[in-house]
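Model the full assembly from the supplied sequences, consistent with the hints where possible.
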Amino acid sequence: AQSVAQPEDQVNVAEGNPLTVKCTYSVSGNPYLFWYVQYPNRGLQFLLKYITGDNLVKGSYGFEAEFNKSQTSFHLKKPSALVSDSALYFCAVKYGGSQGNLIFGKGTKLSVKP
Amino acid sequence: GAGVSQSPSNKVTEKGKDVELRCDPISGHTALYWYRQRLGQGLEFLIYFQGNSAPDKSGLPSDRFSAERTGESVSTLTIQRTQQEDSAVYLCASSLVAGAVAEAFFGQGTRLTVV
Numbered sequence: 001a002q003s004v005a006q007p008e009d010q011v012n013v014a015e016g017n018p019l020t021v022k023c024t025y026s027v028s029g030n031p032y033l034f035w036y037v038q039y040p041n042r043g044l045q046f047l048l049k050y051i052t053g054d055n056l057v058k059g060s061y062g063f064e065a066e067f068n069k070s071q072t073s074f075h076l077k078k079p080s081a082l083v084s085d086s087a088l089y090f091c092a093v094k095y096g097g098s099q100g101n102l103i104f105g106k107g108t109k110l111s112v113k114p
Numbered sequence: 115g116a117g118v119s120q121s122p123s124n125k126v127t128e129k130g131k132d133v134e135l136r137c138d139p140i141s142g143h144t145a146l147y148w149y150r151q152r153l154g155q156g157l158e159f160l161i162y163f164q165g166n167s168a169p170d171k172s173g174l175p176s177d178r179f180s181a182e183r184t185g186e187s188v189s190t191l192t193i194q195r196t197q198q199e200d201s202a203v204y205l206c207a208s209s210l211v212a213g214a215v216a217e218a219f220f221g222q223g224t225r226l227t228v229v
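Chains as they are written, first to last, in the numbering used here: chain C, 1 to 114; chain H, 115 to 229.
One or more of the hints may lead you astray.
Unchecked claim - Computed list of chain C residues with no C-beta within reach of chain H, every gap over 12 Å:
id, residue
1, N41
2, F104
3, S111
Stated by the list, open to error - Under 10 Å between C-beta atoms, here's a sample of chain H residues computed to sit facing chain C:
id, residue
4, Y149
5, Q151
6, L153
7, G156
8, S167
9, F179
These aren't lab readings, by the way, just hints derived from the structure by calculation.
The beta-carbon is built from N, C-alpha and C at its ideal position, and this holds for glycine as well.
Here is the structure:
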């Protein structure tokens with residue numbers, strides 16, 4: 001079955017430190033991978049996506065993610081966290097081609113302390 | 115419109131009543147998704163429409179849930195005989211599908227409270 005796993009319910013980081021939010025996936029065929037962010041009382045916003053090409057993808061707000069095919073992972077990273085990055089982060093995978101379905105992980109709450 | 119629009123934004127209903135939630139996708143977006151987000155939980159897939167293809171209903175939790183979409187426009191999610199466990203935010207998203215893999219754009223959601 002197609003699935004997306006975010007193994008951490010919460011990640012705590014001090015402001016200025018690097019952050020990583022983990023995501024692994026299990027799909028047949030080539031996956032299309034996404035990260036979304038949900039700020040408090042706001043809708044879900046797209047951060048970045050991996051379709052093909054370079055394994056390191058850069059997105060909004062200084063975030064990047066690295067696609068690792070052998071480890072079936074797509075971890076979200078940022079070199080220097082900001083307090084304003086505190087939010088709920090969702091990893092998603094589209095399977096079945098470009099017209100396929102989109103499923104999400106359960107989300108990881110990121111808390112950045114000053 | 116400029117974005118995905120959902121209505122109502124909030125709905126309080128009595129247990130056992132039927133409710134209908136509406137989603138207006140971005141014009142030209144052929145793909146439309148419905149998700150449910152319970153308090154403190156992740157996104158639970160409900161149903162997916164793609165153009166004129168048969169919808170993927172594999173995420174609907176029971177036969178009390180149904181959804182329709184008129185062409186490539188408005189979609190309605192109907193919950194019959196609502197139960198308290200149906201209380202959640204129901205999110206709709208749409209994406210452009212024209213060969214490229216496009217990201218989904220989300221509406222603000224409908225917060226459903228069953229009392």
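Okay, the hints, checked on the actual structure:
1. N41: violated, 10 Å
2. F104: violated, 4 Å
3. S111: Given that every Cβ of chain H is farther than 12 Å from that of S111 (chain C), nearest at about 14 Å, it holds.
4. Y149: Check passed: Cβ of Y149 (chain H) comes within 7 Å of chain C, closer than 10 Å.
5. Q151: For Q151 (chain H), the interface hint holds, since the closest Cβ of chain C sits about 9 Å away, which is under 10 Å.
6. L153: This hint is violated: L153 (chain H) lies away from chain C, its Cβ roughly 12 Å from the closest one there, beyond 10 Å.
7. G156: At 3 Å from the nearest chain C Cβ, G156 (chain H) passes the 10 Å test, so the hint holds.
8. S167: holds, 8 Å
9. F179: violated, 17 Å
The structure does not agree with the numbered hints 1, 2, 6, 9 stated previously, though it agrees with the rest.
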